[in-house]
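Enquirer: Chains as they are written, first to last, in the numbering used here: chain A, 86 to 390; chain B, 86 to 390.
Calculated directly from the structure, the hints in this document are not laboratory data.
It is possible that part of the hints are untrue.
Since the list can't tell identical chains apart, any single copy or any two copies may satisfy a pair.
As the list claims (entries may be wrong) - With a straight-line cut-off of 16 Å between C-alpha atoms, the simulated EDC-like cross-links for lysine to aspartate or glutamate are: (1) Lys199 - Glu106; (2) Lys98 - Glu230; (3) Lys191 - Asp94; (4) Lys202 - Glu106; (5) Lys87 - Asp184; (6) Lys241 - Glu364; (7) Lys191 - Glu212; (8) Lys98 - Glu212; (9) Lys191 - Glu93; (10) Lys199 - Asp149; (11) Lys259 - Asp149; (12) Lys195 - Asp149; (13) Lys191 - Asp90; (14) Lys241 - Glu305.
2 protein chains.
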Amino acid sequence: MKVRDLNEDRLLKILLTGLPEGRNVVTGPGDDCAVVQAAQGSREFLLLKADCVVEGIHYLPEHDPVRVGWKALCRAVSDVAAMGGEPLHALVTIFSPVDRSVSYWKGFYKGLSKAAKRFGIGIVGGETSRAPCAAVSVTLVGRVEAGRLITRAAGKPGDLLFVTGTLGGSIQGKHLDFVPRVAEGRWLSAHGYAHAMMDLSDGLASDLPRLATASGCGFELDPDLLPRTRGCNANEAMSDGEDYELLIAVPPRLADRLRRGWKETFPRLRLTEIGTLREPGISATALPQGFDHFFSCQQPRERAS
Amino acid sequence: MKVRDLNEDRLLKILLTGLPEGRNVVTGPGDDCAVVQAAQGSREFLLLKADCVVEGIHYLPEHDPVRVGWKALCRAVSDVAAMGGEPLHALVTIFSPVDRSVSYWKGFYKGLSKAAKRFGIGIVGGETSRAPCAAVSVTLVGRVEAGRLITRAAGKPGDLLFVTGTLGGSIQGKHLDFVPRVAEGRWLSAHGYAHAMMDLSDGLASDLPRLATASGCGFELDPDLLPRTRGCNANEAMSDGEDYELLIAVPPRLADRLRRGWKETFPRLRLTEIGTLREPGISATALPQGFDHFFSCQQPRERAS
Numbered sequence: 086m087k088v089r090d091l092n093e094d095r096l097l098k099i100l101l102t103g104l105p106e107g108r109n110v111v112t113g114p115g116d117d118c119a120v121v122q123a124a125q126g127s128r129e130f131l132l133l134k135a136d137c138v139v140e141g142i143h144y145l146p147e148h149d150p151v152r153v154g155w156k157a158l159c160r161a162v163s164d165v166a167a168m169g170g171e172p173l174h175a176l177v178t179i180f181s182p183v184d185r186s187v188s189y190w191k192g193f194y195k196g197l198s199k200a201a202k203r204f205g206i207g208i209v210g211g212e213t214s215r216a217p218c219a220a221v222s223v224t225l226v227g228r229v230e231a232g233r234l235i236t237r238a239a240g241k242p243g244d245l246l247f248v249t250g251t252l253g254g255s256i257q258g259k260h261l262d263f264v265p266r267v268a269e270g271r272w273l274s275a276h277g278y279a280h281a282m283m284d285l286s287d288g289l290a291s292d293l294p295r296l297a298t299a300s301g302c303g304f305e306l307d308p309d310l311l312p313r314t315r316g317c318n319a320n321e322a323m324s325d326g327e328d329y330e331l332l333i334a335v336p337p338r339l340a341d342r343l344r345r346g347w348k349e350t351f352p353r354l355r356l357t358e359i360g361t362l363r364e365p366g367i368s369a370t371a372l373p374q375g376f377d378h379f380f381s382c383q384q385p386r387e388r389a390s
Numbered sequence: 086m087k088v089r090d091l092n093e094d095r096l097l098k099i100l101l102t103g104l105p106e107g108r109n110v111v112t113g114p115g116d117d118c119a120v121v122q123a124a125q126g127s128r129e130f131l132l133l134k135a136d137c138v139v140e141g142i143h144y145l146p147e148h149d150p151v152r153v154g155w156k157a158l159c160r161a162v163s164d165v166a167a168m169g170g171e172p173l174h175a176l177v178t179i180f181s182p183v184d185r186s187v188s189y190w191k192g193f194y195k196g197l198s199k200a201a202k203r204f205g206i207g208i209v210g211g212e213t214s215r216a217p218c219a220a221v222s223v224t225l226v227g228r229v230e231a232g233r234l235i236t237r238a239a240g241k242p243g244d245l246l247f248v249t250g251t252l253g254g255s256i257q258g259k260h261l262d263f264v265p266r267v268a269e270g271r272w273l274s275a276h277g278y279a280h281a282m283m284d285l286s287d288g289l290a291s292d293l294p295r296l297a298t299a300s301g302c303g304f305e306l307d308p309d310l311l312p313r314t315r316g317c318n319a320n321e322a323m324s325d326g327e328d329y330e331l332l333i334a335v336p337p338r339l340a341d342r343l344r345r346g347w348k349e350t351f352p353r354l355r356l357t358e359i360g361t362l363r364e365p366g367i368s369a370t371a372l373p374q375g376f377d378h379f380f381s382c383q384q385p386r387e388r389a390s
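Extracted from the complex, chain A is given alone in its bound form (with noise of 0.2 Å):
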């Protein structure tokens, strides 16, 4: 078997399956980020993300390395978003085949420190390696109040399903430009109005059953409601991926009450109920196939509409 015949999710059920246990674990693979103490007796929990991105397959030889470097970063500031988090930390190594320019690297630490300031994240350890080919791994440390942790996991049925922004179409430039939700994710999670949520990376179509099964739940989704770029048909909003944008669970109650304060707080952002979470096996509604980032190449794709 070769890896070409597995998708991400199988090949790393394969790889990660009867791992030792760590200590002070609190989530291990399969949310956002691992979840793990901060220190004894701290109320602090820490966030850790690896992420990469791959010349060819994430961003292309010809994009403007200051983009790449922003979209490097905030991949991964975006899933501590999605766990209620802020971002602290980061470090970021480099695989560079020789003939590259350093001017080329400039750029992209140019795009990575932008980020970085944007939100305060400290960049605190850099490698480099030679490479026969050019890709880049993040790896961001964030923290939360063990009280105001959200994961996938805790979603219910009939929690109402919201996403921010508007999805699809990302490729025509915002996977290299996206903000990711720090500053929505600190509010939901502040306010207590999430169930669960997660980071949409690989399209709805993907990320629904993921935070769905995370929560032991179907769903419902009704594709006349979802929020599509301009341009962009419910199939391409649910599965052209890189939206960055938040999947939120939230109970019923809350709905209206988190409906108003967002009006208020982010007047300038879309928040859009999509759904409902179920009973578990009760998916009701048909869904087209996510971006696989292990097989998808980024390239722009014709539209079907």
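Knowing the structure of chain A, use the given hints to seat chain B on it.
Expert: Here is chain B on its own, set in the frame of chain A:
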């Protein structure tokens, strides 16, 4: 200017200059690990280390993947050990060509898992991406009590320099099977024997000047005192690299106590005095060139002896 025109230290210096300062950072890039506050009010520090191995550079395609997995994690463990800390959590990102067998990566994870168990580490996160080349990035989070942190930077003129084990010839096999000096580092940090410490990954010839520079010192080294691996000459002991032994700067008044305690506690591991830290500007030993991971491919070399 291309990446091939610079060594890793110079490239990192260019890239890391002017980056945003983080919050709660004790020691940023430049030591074995970054050191940050674990949590508000905590007397613990977190040790953060990102590291990578690239196929064809740090290991070869024909190497046993179990040994490669061991090496990938233990390299970072060695850095945590060198600061007097203990490793806790690891995140692993695999870059894989699609035609690589899944069993190869299962072997790799077997080695990783063996190392994790040996050192009490939880593997809390895993990512995979297809890539044109095979490589692995590992992030390790460790901890150290605030009073037990040992950096590279606090050595003083007059400190005696010690190394553990023997140096040179790692390419014969040790570079895949070495045992990071965690117990030794913890013991040294518990007793306060070391002013400064680092692990020898690029060879004494590269690493000793780094420790001396970080401490604002010069140094003196007696090549005849070097504990050489059988079959290696002094030049090879200084420059082969990948020893993963500890280099320790010890105040002279503690040296006798250190020697006695070491013999009792680690009777099977050599501890050898090799030189002295001096006033800045004094470096009384001409050093051969160390091992630069960035350019040197790990291939058995012709022996100069």
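Enquirer: Look at each hint and say if it fits the structure.
Expert: Right, here's what the structure says about each hint:
1. Lys199 - Glu106: Answer is between; shortest inter-copy Cα gap is 12 Å, intra-copy 36 Å.
2. Lys98 - Glu230: Neither, since 29 Å and 35 Å both go past 16 Å.
3. Lys191 - Asp94: between (34 Å within a copy, 15 Å between copies)
4. Lys202 - Glu106: between (35 Å within a copy, 9 Å between copies)
5. Lys87 - Asp184: between (30 Å within a copy, 6 Å between copies)
6. Lys241 - Glu364: within (8 Å within a copy, 66 Å between copies)
7. Lys191 - Glu212: within (14 Å within a copy, 26 Å between copies)
8. Lys98 - Glu212: Answer is between; shortest inter-copy Cα gap is 11 Å, intra-copy 28 Å.
9. Lys191 - Glu93: between (31 Å within a copy, 14 Å between copies)
10. Lys199 - Asp149: Answer is within: at 14 Å inside a copy they meet the 16 Å cutoff, but 41 Å across does not.
11. Lys259 - Asp149: within (13 Å within a copy, 42 Å between copies)
12. Lys195 - Asp149: within (11 Å within a copy, 39 Å between copies)
13. Lys191 - Asp90: Between copies, since 15 Å is at most 16 Å while 37 Å is not.
14. Lys241 - Glu305: within (13 Å within a copy, 67 Å between copies)
The structure does not agree with numbered hint 2 stated previously, though it agrees with all others.
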